[in-house]
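**Student:** With the hints as extra help, turn the sequences into a complete structure.
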Amino acid sequence: MVWFNYFLTRQFCMDFFRANSVSDAFQYIYRIFSDINPWTLFDGSLYTLGLEQKECMVLIVSIIILLLVDLVKFRRNQQLDVFLGEQCIWFRWGVLIILFFMTILFGIYGSGYNASQFIYFQF
Amino acid sequence: MIKQNLKSFIKYGILAGIIIIIFLSLQKMVVPRFSSTNIVDGFYQEKENDIDVLFMGSSNMFCTIDPVTLYEGYGIAAYDFGSSSQSLNISYLYLKEALKYQQPKIVVLEMLASNSDSYQKLPEEALRWGFSNLKFSPDKYITLYDELGKIDFEYLSYIFPLLRYKDRWSELSKEDFDYLRSDKTNYDKGFYGSSIITEEEVNFDYYNEKSDFELASSNIMALEKIIDLCSKNNIQLMFFKSPTAKNWNCSMSEAILNYSQKYNITFIDYNEYIDDLKLDLKKDFRDLGHLNITGAQKVTEHMGAYLSGNYQLPNRQLDKQGNSWDTALALRKR
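Sequences listed follow chains S and W, in order. Here the working numbering runs 250 ahead of the position in the first sequence, where the first position is 1. Here the working numbering runs 154 ahead of the position in the second sequence, where the first position is 1.
The hints are simulated quantities; they were obtained by calculation from the structure and are not laboratory data. Model, not experiment: these values are computed from the prediction. We treat Cβ as the ideally placed atom computed from N, Cα and C, and that holds for glycine. Heads up, a few of these hints could be off.
Cβ-to-Cβ under 7 Å is the rule here; a few derived chain S residues that face chain W [what the hints assert, rightly or not]:
#, residue
1, R342
2, W343
3, L355
4, G360
**Tutor:** Encoded structure:
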């Protein structure tokens, strides 16, 4: 419940952080409650916001991996490397190989990537 | 202790093997197919020591010479082994690669690349077209170093093109997967024919303009390596220039002629044969730099007559057991 409160508060504050002005931020918040249209979750309009369908799949899989890592950390009170060290070799290698190739394939680097334009470049 | 070490060695060997196999498979999938992909992949499918005439050079070569027509008319077993915008030092690399698998009697080099400096950095696409599909070899990476001038991420991305094309993962289609399992034989023998007719006005005004042209020292160096390699392998070398209404003029032809005479190499400049070949400037060009299929047929006919009249080449139509050119011709006629 504490996490949920934290999440909501943070999302609320992010509106002010990312909006161009305070009035825009209030406008966003107003529309969250006044312009409810759940169908937009299913009609493909989500894929017009910057991530295509396949990229959204990667996002979901990545979030699931993060959740699993968090579960290991908070339920078993172990860091990922310690947890993996206790598993059988096939599981350990499988996880490492998957993470290695996800980084190679989905990582943001190479000719189209400029380190100086990282996530905070617009602030 | 030894048993323990051996066990670890085997374990990490298997891990490395799995990573390498997955890496190479992913790489095969994401690297796009270029016009030279089918040419190079097809070349590796050819039976060893089966090609008698090897045509080399850029798109001007593989859009001009049709080996299947050469075979049909003259029984010549030829292959167009080149890549788009290929420089002469990459042609040298291709020749070295070709000689690992084939022992051609004649190498015919298209000369467009001699109009620019071999070591002037080529555009990325020209390098990708040239290097992406060649097999791993020290020569490949030495030539690449000559082209790029340094070892950095870009250089690594030619060794491991997955690093360059990883972002294509979301564009992959069924065709990309199908190509991996498909028969890579090139039944056009490297020829890239197009039925497009250019809407631009084709004329040879630019060709007729004289200029102060000299062969760049890098090109002379590359040509001398090619001449030397052919000589060591008892291969007769010949130069030609395809008809082109841009990027080539008579001064360039003159410079090549002078150079070729020094080494007693035949040079045919097809820009001088436009009327003799009855090339139709309104119908036989795909664009200002390339012929289409009908134009290529006319030049290929002349090339076939010249090769069979001036060189000792076997008529491979008489092969008792048939050959891959028979198959290619049968497919063409279907």
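**Student:** Confirm or reject each hint.
**Tutor:** Tested hints:
no.: 1; hint: R342; verdict: violated, 10 Å
no.: 2; hint: W343; verdict: holds, 6 Å
no.: 3; hint: L355; verdict: holds, 5 Å
no.: 4; hint: G360; verdict: holds, 6 Å
Comparing the model with each numbered hint stated earlier shows that hint 1 is the single one that does not hold.
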